[in-house]
Structures are given as structure tokens and as C-alpha cells.
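Undergrad: Could you slot chain B onto chain A? The hints should help.
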Amino acid sequence: MTSFLQIKNLNVRLKAGIPILRSVSLNVTAGQVHGLVGESGAGKSMIGKAVLGTLPRALQVTSGEIWLDGVNLNTLPAAQRRKVIGAKAALIPQDPLTALNPSKRIGPQITRRLVDILGWQKSAAEARAIELLGEVHIPDPKRVMQSYPHELSGGMRQRILIASAFAAEPKLIIADEPTTALDVTVQKQILRLIAEMQQRHNTALLFVTHDLGVVSKTCDTLSVLYAGKVIEDARMRRFFTRPIHPYSAALLAATPTYTDPTGSLTPVSQAVIDATEQEVREHDMRAGL
Amino acid sequence: MRDARGDVTRPIGLRLWLSGGWLALLLLAALSAPLIAPKDPLVQDLFLGRMPPFWMAGAEPGYLLGTDSLGRDVLSRILYGARLALIVAFVAGSLTCLVGATLGLIAGYYRGWPDRIISRFVDIWMAFPPVLFAILLIAVLGPGLISIIIAIVVIDWTRFARVIRAEAMSQGAMDYVASAQVAGRTRFGTMLTEILPNVLPTIVALLTLEMGIAVIVEAILSFVNLSISTDSPTWGGMIAEGRTSVHQAWWVLVFPLITLFLTVLSFSQLGEGLKDHFDPVLR
Numbered sequence: 001m002t003s004f005l006q007i008k009n010l011n012v013r014l015k016a017g018i019p020i021l022r023s024v025s026l027n028v029t030a031g032q033v034h035g036l037v038g039e040s041g042a043g044k045s046m047i048g049k050a051v052l053g054t055l056p057r058a059l060q061v062t063s064g065e066i067w068l069d070g071v072n073l074n075t076l077p078a079a080q081r082r083k084v085i086g087a088k089a090a091l092i093p094q095d096p097l098t099a100l101n102p103s104k105r106i107g108p109q110i111t112r113r114l115v116d117i118l119g120w121q122k123s124a125a126e127a128r129a130i131e132l133l134g135e136v137h138i139p140d141p142k143r144v145m146q147s148y149p150h151e152l153s154g155g156m157r158q159r160i161l162i163a164s165a166f167a168a169e170p171k172l173i174i175a176d177e178p179t180t181a182l183d184v185t186v187q188k189q190i191l192r193l194i195a196e197m198q199q200r201h202n203t204a205l206l207f208v209t210h211d212l213g214v215v216s217k218t219c220d221t222l223s224v225l226y227a228g229k230v231i232e233d234a235r236m237r238r239f240f241t242r243p244i245h246p247y248s249a250a251l252l253a254a255t256p257t258y259t260d261p262t263g264s265l266t267p268v269s270q271a272v273i274d275a276t277e278q279e280v281r282e283h284d285m286r287a288g289l
Numbered sequence: 001m002r003d004a005r006g007d008v009t010r011p012i013g014l015r016l017w018l019s020g021g022w023l024a025l026l027l028l029a030a031l032s033a034p035l036i037a038p039k040d041p042l043v044q045d046l047f048l049g050r051m052p053p054f055w056m057a058g059a060e061p062g063y064l065l066g067t068d069s070l071g072r073d074v075l076s077r078i079l080y081g082a083r084l085a086l087i088v089a090f091v092a093g094s095l096t097c098l099v100g101a102t103l104g105l106i107a108g109y110y111r112g113w114p115d116r117i118i119s120r121f122v123d124i125w126m127a128f129p130p131v132l133f134a135i136l137l138i139a140v141l142g143p144g145l146i147s148i149i150i151a152i153v154v155i156d157w158t159r160f161a162r163v164i165r166a167e168a169m170s171q172g173a174m175d176y177v178a179s180a181q182v183a184g185r186t187r188f189g190t191m192l193t194e195i196l197p198n199v200l201p202t203i204v205a206l207l208t209l210e211m212g213i214a215v216i217v218e219a220i221l222s223f224v225n226l227s228i229s230t231d232s233p234t235w236g237g238m239i240a241e242g243r244t245s246v247h248q249a250w251w252v253l254v255f256p257l258i259t260l261f262l263t264v265l266s267f268s269q270l271g272e273g274l275k276d277h278f279d280p281v282l283r
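Chains A and B supply the protein sequences, listed in that same order. Residues 1 to 289 in this note's numbering are what the first sequence spells out, letter by letter. Residues 1 to 283 in this note's numbering are what the second sequence spells out, letter by letter.
So that you can see chain A by itself, here it is in the shape it has in the complex (with noise of 0.2 Å):
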């Protein structure tokens, strides 16, 4: 199997120099999920944020290649780089509430990556826009078209919002934390239909999350973060029964449990973070930082 992202020593820095990604790689497969996973502020949304292009202008790439569908991002010009991922990845962001334009149907938001990315007739681009809200379950697809997103609630916005990423047929898919601004009972079908999604379209899944038990039920490997730095590439099972580096397992024994509802919530301890933090300013070291 050949990865279709490939991201290798990656770094990203705030332009005063602070780092904020510190020699990332990793590689999603087509058809595979990958996660992406750690603590707020590990730098997972921002690997995200890289591959599309969409970092905060503060920050910047300072070097590292990252690999799409066999093309090397960082080699393009702008216009055929924004070009490139528009055709070949998409995004479910975090917050369906802000990801919808407040001033346009849903109809021609949805239609219009057909449209400019594929080429396609608006026609058919509304016939299929109406067959991917289907395939979403949104009940009456032609209503919804002609809707405005605050006519909708946060669980509809997000079912859109993952039929109007799998429009274009892109072959990678970051999904930013797509589930923690909803309801936790509506956060299980959004993660059920994002898997079964995945699996129809065949698409490679990049998928960012602070949530394990969310990793352990839709991702095939996974990636820990700590301080913008990959502590451990693992596959699910594995990671699950052996994880190899302290701070992993100390990040799986303070996940609570259904078993024991009463038991207190155990905190990584100090020792597993130093030696963790140690770790990183080594890596800072070896990179002349």
C-alpha cells in the first residue's frame, strides 16, 4: 500500500521562532484512518492546518516536505498548491456552527466545489448534491438545499458539512476534531457516519482528536503528540494493549472508564511529563534550536 499522505520532519515555527511542530512525519494510507492524538496545544489541528494550507499567519513552514497523492506541496507555487488540495483533500472542521456561510443556501455552498474543482454543470452538480445529502441521511435533501445554515441545527450542519467534503471525491479528508462542538449523543452518529463514509468513498482519513475513546472506535493507527513532536506511531490494537512510551500510557490509564465510575481520574504524573519534556529538548538540541 502506498501512503497518500506523507508528511516527513516537518517543522513549523511561530515566526518569532518559537517551534510549534517539531520534526512531524507521518503517512495515511488510502482507505485507512489515522489519528491524531494529544493534549491541547500538542500541535494536532496544526499538522492539519499545514497540509491544507490554512495555517495562521503567524506561523510558518520552516522546512520538511509534506508528500499529497505523490506531489510534494512545499515545491508548488501558491495558485497550483491551493489548486492541488482543493482538488485532492478536504476538510470537516470542528465547529459546523462557523463553517457554513451565514449568507448563501446550503445548496450552492455544496455545489460549488463541484463546480469549480470538477468542472461540472450546475445541473448535475445539484443532482449530486442532493444524492450526497441522502447518503448523509438528511431527511427531504431538496428542502435543505434551499436553506439557510441557521435554519439548521449543529447535527444537520455537520452532516453537510461532511457530504459537501466527500463532494469532490478527494482522496484525503482532515477531520478537526469533528465532533466536539455537538451534543454527545449526536457526536456518536456524526463519528458513525464519517466511518461509514470513509468507507464507501475509500479515503484516506486524517483524523484529529483529543478524545482516545473517539480513536480507539474509527482510527486504524495513530499518531501521539506532545509539545508539537510524534512521541509514538502505533497501530490501534497495539496502542490499546502495549503503548510503548510512558506518556502514552500514562494518557490511556487517565481516560475514565465505564468499569469504574467512582474511581478518580488519574493524572499524568509529573515524572512521566519531564522525562517527556526531556525529550523534546533534546530534539530541540539535535536540531540546533
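Derived by calculation from the structure, the hints in this document are not laboratory data. Honestly, I wouldn't trust all of these hints.
Said to hold, decoys possible - Sample of chain B residues with no beta-carbon within 12 Å of chain A, all distances over it, derived:
no. : residue
1   : L86
2   : Q171
3   : V264
4   : F278
What the hints assert, rightly or not - Quick list of in silico lysine to aspartate or glutamate cross-link-like pairs, EDC-like style, CA-CA up to 20 Å:
no. : chain 1 : residue 1 : chain 2 : residue 2
5   : A       : K15       : B       : D279
6   : A       : K229      : A       : E65
7   : A       : K217      : A       : D183
8   : A       : K229      : A       : D284
9   : A       : K122      : A       : E169
10  : A       : K217      : A       : E39
11  : A       : K104      : B       : D115
12  : A       : K83       : A       : D95
13  : A       : K104      : B       : D279
All figures in this text were calculated on a predicted structure; none of them were measured in a lab. Just so you know, even glycine gets a beta-carbon here, dropped at the ideal spot from N, CA and C.
TA: Positioned in the frame of chain A, the structure of chain B alone reads:
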């Protein structure tokens, strides 16, 4: 009420009716002033000076709102004055909007150095007292319609630039803008298709507000005799003249003042009403 799609459509509110109605009436009056004005606004008749409006004792027939100290018909002068006021409102208001909103949109969406340059300009601009600035400009450019319009654009573009910049900035941080870019849209294209429609309600509200302000600025400039040539009637000029004889002939001051007041109020109310009408969430 529901439209064909089953959406709730709000009836046009009383506010929109009243303000729109007044402005439509004024526009009509301004366009047809030569036809409907009972007298020539410039003809003086010193024997008919300071005649009271029609309902008061001693009113002269044909002079509905009375005459000023030179015997000119107040109503006709208000009607002709509306022409200048509305030209200034529409032309100066639109130009100010165009300049200010464009710069604000660019500053707020592109950030970085365009923002730094535009924002510094706004800061410097706002340090000048606006009315003094306008008077200074007219003094340099010389009086005349074009000068008034230029003066209004030059002193008021910052109002748009500041507000639209802030709006564009907050819209620019939304995920749908990032999504549009991931979909391969250019930055400029994203600005036009994603940001602009969402700041449009604010632009519309500001535009009508600005039209009202333009009317006021024009009146202020005529009041200090810096508007267009002194013999063509302007509301501000009439107010200035009426001020000197307010004890003998209050109507010379009060009627243009009421017209001015209603017009400016209508513009601001129209803006509020239209803003709600343009906003998909409130619609």
C-alpha cells in the same frame, strides 16, 4: 407570512414605511421642483417680506409656508434645496462608502502590511476635527458642489473603514472562509464571495447613515456660507438666514430645520430597517 418556499417573510415594518415614504416624497419633490414649486425660489419681492405661513393672520395667498426677509417663498426654496441635499446625500454617501468599505475590507481580510498602512491612515485621519477639516478643505478647494462631495468623502471614509475592517476580520476568522480556501478559491475570490455578502448588511446600514450625515455636513457648510454659490437655495443657508430673524419670522428657520431633521432621521431609520431586511439570520 410565508413565501413560496414556506419561509417566514417579515412584513416591511412601519419604520421602513415611514422613513422610505418620506425619502421617496422628498426625491419626487426634488426631481419635479421646477414643476411643483409655486414660486421661483430666487425671486425677491421686498414688499412681501416675512409673510407668515398660510394658517396665520396676514398670510399672503400663494406663499404656503410664508416668505423670508427678502420676500422669497420658503416652500419653493425648501423644494429646490432638496435637490442639492439629495445629490450630496447619494453621491457623497456612495463615494464615501465605496472608498471606506473597500479599504476596510482589504485591511480586515488581508491583515498584514495592507492593514498596517490603512489603519495608520485611519488613526491619523481621525485625529483631525472633522468639521474644521471640512471647512479647511473647502477653503482650499473653493466652494462648489464637487468640493462639498470631496470634503465629505475625505473626512468620512474612516467611519466605513474602521467598522468594515472589524467586521471583515471577525468573518475572516470563521471556518467557512478556511473551507473556501481549502476548496481552491483564491484569496481575492474568497473576499468577494464569502466575506463581502456577510458584511453587506453593515455596509447598507452605514451607507444610509452616511447619507444622513452628508446632508448634515452640507447644511453645516452652507450654514457657514461655504457651500455652493450663495444665491441657490440650500437648507443650511436658509437656516442661517432664518436665524437672524427668528423673533420676527420663526418660519424661515423652523421649516427647513424640520425638513432637515426628518430627512436625516429617515436615512438612519431606513438603514436600520434595511439592515434587518438584508440579514439572513434576522430575515
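Undergrad: Enumerate the violated hints, using their earlier numbering and listing them in ascending order.
TA: Numbers 2, 4, 5, 11 and 12 - these are the hints that the structure violates, sorted from lowest upward.
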